[in-house]
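Participant: In order, the protein sequence lines correspond to chains A and B. Using our numbering, the first residue of the first sequence is number 1, and each one after it goes up by one. Using our numbering, the first residue of the second sequence is number 1001, and each one after it goes up by one.
Heads up, some of the hints might be wrong.
Unchecked claim - Just a sample of chain A residues kept apart from chain B, beta carbon distances all over 10 Å, derived:
id	residue
1	Ala13
2	Asn19
3	Ser28
4	Lys52
5	Glu58
6	Leu80
7	Arg81
8	Asp82
To be verified - Using C-beta positions, here's what the derived DEER-type ranges look like:
id	chain 1	residue 1	chain 2	residue 2	range
9	A	Asp11	B	Met1027	43 to 53 Å
10	B	Ser1082	A	Asp11	38 to 48 Å
11	A	Ile74	B	Arg1099	14 to 24 Å
12	B	Glu1022	A	Asn53	35 to 45 Å
13	A	Ala17	B	Glu1079	48 to 58 Å
14	B	Glu1022	A	Gln42	33 to 43 Å
15	B	Lys1053	A	Met106	34 to 44 Å
16	A	Glu66	B	Ser1082	21 to 31 Å
17	A	Gly29	B	Asp1059	20 to 30 Å
18	B	Glu1107	A	Pro111	23 to 33 Å
19	A	Pro111	B	Lys1053	44 to 54 Å
20	A	Gln42	B	Thr1112	43 to 53 Å
Note that these hints are calculated values from the structure, not bench results. Please read all numbers here as calculations on a predicted model, not as lab measurements. We put the CB at the ideal spot given by N, CA and C, even for glycine.
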Amino acid sequence: DAKTTQPTSMDCAEGRAANLPCNHSTISGNEYVYWYRQIHSQGPQYIIHGLKNNETNEMASLIITEDRKSSTLILPHATLRDTAVYYCIVRLNSGYSTLTFGKGTMLLVSP
Amino acid sequence: DVKVTQSSRYLVKRTGEKVFLECVQDMDHENMFWYRQDPGLGLRLIYFSYDVKMKEKGDIPEGYSVSREKKERFSLILESASTNQTSMYLCASSPGLARTGELFFGEGSRLTVL
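Chain B on its own, in the form it takes in the complex (with noise of 0.2 Å):
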């Protein structure tokens, strides 16, 4: 069964601290994606990779970095939290080229910035 994992399943922050939010797959997929889920706003897309290394900004990446130093894992941080990132993060993977619109989902994080 296809597997995508995020590290924690509830968080609770600071201000101003700095969070990390690891996601691992184990389907050896090309393209590992970071959106956050908000009520009334719907899953908006923060970064993504195509490749080791590489990423590209999203709709909403202020606020964000992420590193992806091997194939089947995707950080997503968070430098300096703010209260307006408390939030749902999901991330998710997807085979190569051909199948990018094939997204498979973890079970998202809930972060909470206190």
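Excised from the complex, chain A in its bound form (with noise of 0.2 Å):
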């Protein structure tokens, strides 16, 4: 069963926010939320990861809702180069828990 929903495709006008929304309403108390991003013919890319606070980082800000079962990835000014499928994980913050990426959200950013 998949752990995270996130709607298929999204559309961004070049410079506007993206603001890429994730669900996960079966998380629990000791899984983080991850995001990644792969742009086509790449390698996914790590992009951002928060528990129950609010996260920035020199890519995007992620917001976590406070109980938990949602989150938004917010890429302040899209750009081109943000074309990319994202993905939404949940996860245990622990050595041996690994990454099971889903089918993601198709993000084009136009201009």
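Bring the two chains, given one by one in their own frames, into a single complex with the hints.
Facilitator: Next up, the structure:
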């Protein structure tokens, strides 16, 4: 069973904020939310992760709802190079827990 | 810059051949992983390793084996390639136990088995 649910595809205008939602209603208290993206013909790239607090780095911001059942990845000023498949993954942050990738959201950034 | 290098971007092999896919990382990471990616199925974990000479099965290990003789190198072996192993193979590494969710991926090796 899928642990996360994401829209299949989204569009965003260049320069605007891209807000990518993810539902993870069965997340447990010790599971983190991870986001990756995969640009065409490249390997996936780690973006950000969080437990319950909002997180920000040079690539994106991660907003996690208070009940932790959903989250949003925000790319504040999307560029054409942000066109990619974005994966939301929940994972136990213990040493022997691996990442299971779902189908992700195809984000298309247009001029 | 961190780097995970896969030996070949494109390979074409015949059914029954033994295939080696090599992966090298220069970040002194403890953990290394092999995934395959297929349209409609996403990325699926084949094998992973948390230390030299150590390996663990992932979700789809059948038909594959791995070798990790040195920390920086993780090899995926197809003992007798079959057409259903035609796929994109992705190697990844990650730092120690505290950061195993932060994977660094290579560019991928696209294998075609005829």
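Participant: Flag every earlier hint the structure violates by its number, smallest first.
Facilitator: When the structure is compared with the hints, numbers 9, 14, 16, 20 turn out to be violated.
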